[in-house]
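On the provided structure of chain G, position chain L as indicated by the hints.
Here is how the chains run, residue by residue.
Number of protein chains: 2
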Amino acid sequence: MPSTREPYCLLPDGASDVLTLTDPLPLDSGETLSGVQVAYRTWGQLNAAKSNAIMICHALTADQFAVEDHPVTGKPGWWQHLVGPGKLIDTDRYFVICSNVLGGCMGTTGPSSINPATGKPYGLSLPVITLGDMVRAQARLVDHLGIDRLLAVIGGSMGGMQVLQWAADYPDRVIAAAPIATASRHTPQNIAFHEVGRQAVMADPAWADGDYYETGIRPEKGLAVARMAAHITYLSENSLNRKFGRNLQERDKVGFSFDADFQVESYLRYQGRSFVDRFDANSYLYITRAMDYFDLARGTTLADTYRACKARFLLASFTTDWLYPTVESRHIVRALHAGGADVSFVEIESDKGHDAFLLDEPEFFDVLGGWLKSVAAEQGV
Amino acid sequence: MPSTREPYCLLPDGASDVLTLTDPLPLDSGETLSGVQVAYRTWGQLNAAKSNAIMICHALTADQFAVEDHPVTGKPGWWQHLVGPGKLIDTDRYFVICSNVLGGCMGTTGPSSINPATGKPYGLSLPVITLGDMVRAQARLVDHLGIDRLLAVIGGSMGGMQVLQWAADYPDRVIAAAPIATASRHTPQNIAFHEVGRQAVMADPAWADGDYYETGIRPEKGLAVARMAAHITYLSENSLNRKFGRNLQERDKVGFSFDADFQVESYLRYQGRSFVDRFDANSYLYITRAMDYFDLARGTTLADTYRACKARFLLASFTTDWLYPTVESRHIVRALHAGGADVSFVEIESDKGHDAFLLDEPEFFDVLGGWLKSVAAEQGV
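Chains as they are written, first to last, in UniProt numbering: chain G, 1 to 381; chain L, 1 to 381.
If we strip away everything but chain G, and leave its shape as in the complex, we get (with noise of 0.2 Å):
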């Protein structure tokens, strides 16, 4: 008998380890929901006292493959650079968990997930979630596995704002955190083209108000232009220039055509045509929803949300990055001073991008490695 989860899970089956949930969980919107799943990786090995766990917390377009070549792109793990054996975040020694966010599509519950009441996919029907809600989800999960507090939780982009989250939301849980390149909040201009990539898969005729599951048609055109759009907001006009330029395709002239004429054209074609094939549009929908809520000032200040917070916090953003812009960081530095908070900061030269928190950043790496280890050394792990 053919799986129910069969036509619209994108994990293929066992691929990764899945929790339910037993209790309800409890949303911001103040509705609740029942059967949640938390699909999630594991690496290393829980110490008997239970003081080496790190939760490593993943983008708005990525997932708990953090490590091993992913199931579905077979593609290398998105901080495989970082985690594993004798590596930074080294598994010999720490017991590293990942989990996808609720709202996604590799296995926690999201939009393409379906209904327990229904037996049908949810599509618009699931609440509209927050960072919050996520964080909520994966504390459920580390009370599963047995630990009370976390040595660290890290993470880049919307993984940051996750573990800011973790740190404002369970201050007892957090013995260290370190946001990355992100932000305490989704500034106007964050939201707008966040907004533009929502319109752009709604004006997809396939996307039927989100219930396209049982039709087979996806409203894949949508989502390729909405993750073009961002794809941009992720790169730095540094390295637009250096990788593309105005280098034309194939050709030595243009060819008075609308194909692709340009690299950098063919590039954001093919970063739009291969997501689609990963990603379910609903989650985009969710999960970028989800972002632009993000505000952790919470109508108080920012100071005010830490004020209970005993974490040591590194926080690490790059010149280059202008879609959480280092003076974002600065600005979650100076709540955290406020507070009384153990703060580093560190402001990486990288001409990357915002996206070089998933690059070879070397000054990135021994930035976080040393704090890492003064972390662990000071908790005796």
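Keep in mind that the hints were calculated from the coordinates and are not lab data.
There could be a bad hint or two in this list.
[What the hints assert, rightly or not] Have a look at the derived ranges for each label pair, beta carbon to beta carbon: (1) G:S125 / L:G299: 56 to 64 Å; (2) L:Y270 / G:T118: 53 to 61 Å; (3) L:N247 / G:P12: 39 to 47 Å; (4) G:S374 / L:R298: 54 to 62 Å; (5) G:R269 / L:H331: 41 to 49 Å; (6) G:A297 / L:A308: 57 to 65 Å; (7) G:Q249 / L:S344: 58 to 66 Å; (8) G:S257 / L:K243: 50 to 58 Å; (9) L:S274 / G:D92: 42 to 50 Å; (10) L:P116 / G:S125: 31 to 39 Å; (11) L:Q271 / G:P12: 47 to 55 Å; (12) L:I217 / G:A117: 35 to 43 Å; (13) L:V346 / G:R242: 29 to 37 Å.
Glycine included, C-beta positions come from ideal geometry on N, C-alpha and C.
Quick look at chain L alone, frame taken from chain G:
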């Protein structure tokens, strides 16, 4: 009998002068276009010496209605505050010309025009055009008006590109040139944003390979998404923060839905929606393509391009313009200096982003006004 132009042309009958070129227009692609129409407006009187003519050039989505209220939208002309009797570009003193660019949709030949050879709209059968082609058509209009030399050519953004093209292609016909908030070539980031817009249009099934004029259904959703993406690049982060911040739309709490919660979303959606009423989707493809092809260095150097040009130049950039930032103007200034040209350059402090060139910027007005007076005095106008 209904006019064959009726369903395709957005320009109301009689709202513009229209010149039909008697000779075919050669294009940079190698093709030739017959029966080209150039829709234009003029203000003021050409003097007996024909020495007081100023050409102003419009940006990507603007048109010849620089001064009077727009015949489709009813909104004020885009440089109404700069051009008119007693104004900075004084129509009591100068004869001012503005024409809709080739490829446009306000009466000049573009993809929505009827191909005289077939009696049907061109659609994508119109050859791909360039900034050089646009300016060549303008030069024919200037010929028709009996003008040998233009006192000044002035424009911002793509208008500035036309100014640069005029000075490069017709060095003896341009006494003074003011390219504002512009660049001498499209960077890969510029191309990338345009490509997102084009893909958004082309992803709309109503686009129908450009053949939508006779269906009565236009690719409005795709074009609206394209406009939204582009609009973000016209505004600075500062102006978005000042205008919208994270302010919510008609609610004191987020709605936990995909409606426009934030004011910036509602604003962008409005920009997209209203744009489609006044602009043709295929024109958007053709004109963005022309801009992406724009590169005045032409395989040699920009300095070489301008070696024959004796025009006086004024360049102005705006501090928060990240579409065509100051570095692009400086690049042009250096090249002009290398060719020995008479160049003034000013970077205007403004938080309004690229759109500053269309807005109330007193420092810019002072600079442009002073420069134009000096040019006119030098020429005895």
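Please test the hint of 35 to 43 Å on the beta carbon pair from L:I217 and G:A117.
holds (39 Å)
How does the Cβ-Cβ distance of L:Q271 and G:P12 compare with 47 to 55 Å: does it lie in that range?
Once the Cβ atoms are compared, 42 Å apart, the range 47 to 55 Å for G:P12 and L:Q271 is violated.
Holds or violated: the 42 to 50 Å window for the beta-carbon distance between L:S274 and G:D92?
violated (60 Å)
Using the C-beta atoms of L:Y270 and G:T118, is the stated range 53 to 61 Å upheld?
Hint violated: Cβ distance 36 Å, outside 53 to 61 Å.
Is it true that the C-beta distance of L:V346 to G:R242 lies inside 29 to 37 Å, as the hint says?
holds (30 Å)
Regarding G:S374 and L:R298, is the given constraint of 54 to 62 Å on their beta-carbon distance met?
Between G:S374 and L:R298, where Cβ atoms are some 56 Å apart, the hint holds.
That 39 to 47 Å hint for L:N247 and G:P12 (C-beta), does it hold up?
44 Å Cβ-Cβ, so the 39 to 47 Å window holds.
Should the hint that G:A297 and L:A308 are 57 to 65 Å apart at their CB atoms be regarded as holding?
holds (59 Å)
When you take the CB atoms of G:R269 and L:H331, is the distance between them in 41 to 49 Å?
violated (28 Å)
Assuming the hint says 56 to 64 Å, is it satisfied by the Cβ distance from G:S125 to L:G299 or not?
holds (57 Å)
Take the C-beta atom of G:Q249 and the C-beta atom of L:S344, compute their distance, and say whether it sits inside 58 to 66 Å.
violated (39 Å)
For the range 50 to 58 Å, tell me whether the beta carbons of G:S257 and L:K243 fit it or not.
The hint (50 to 58 Å, Cβ to Cβ) is violated, given that G:S257 and L:K243 are roughly 39 Å apart.
The structure fails hints 2, 5, 7, 8, 9, 10 and 11 (numbered hints given earlier, in ascending order).
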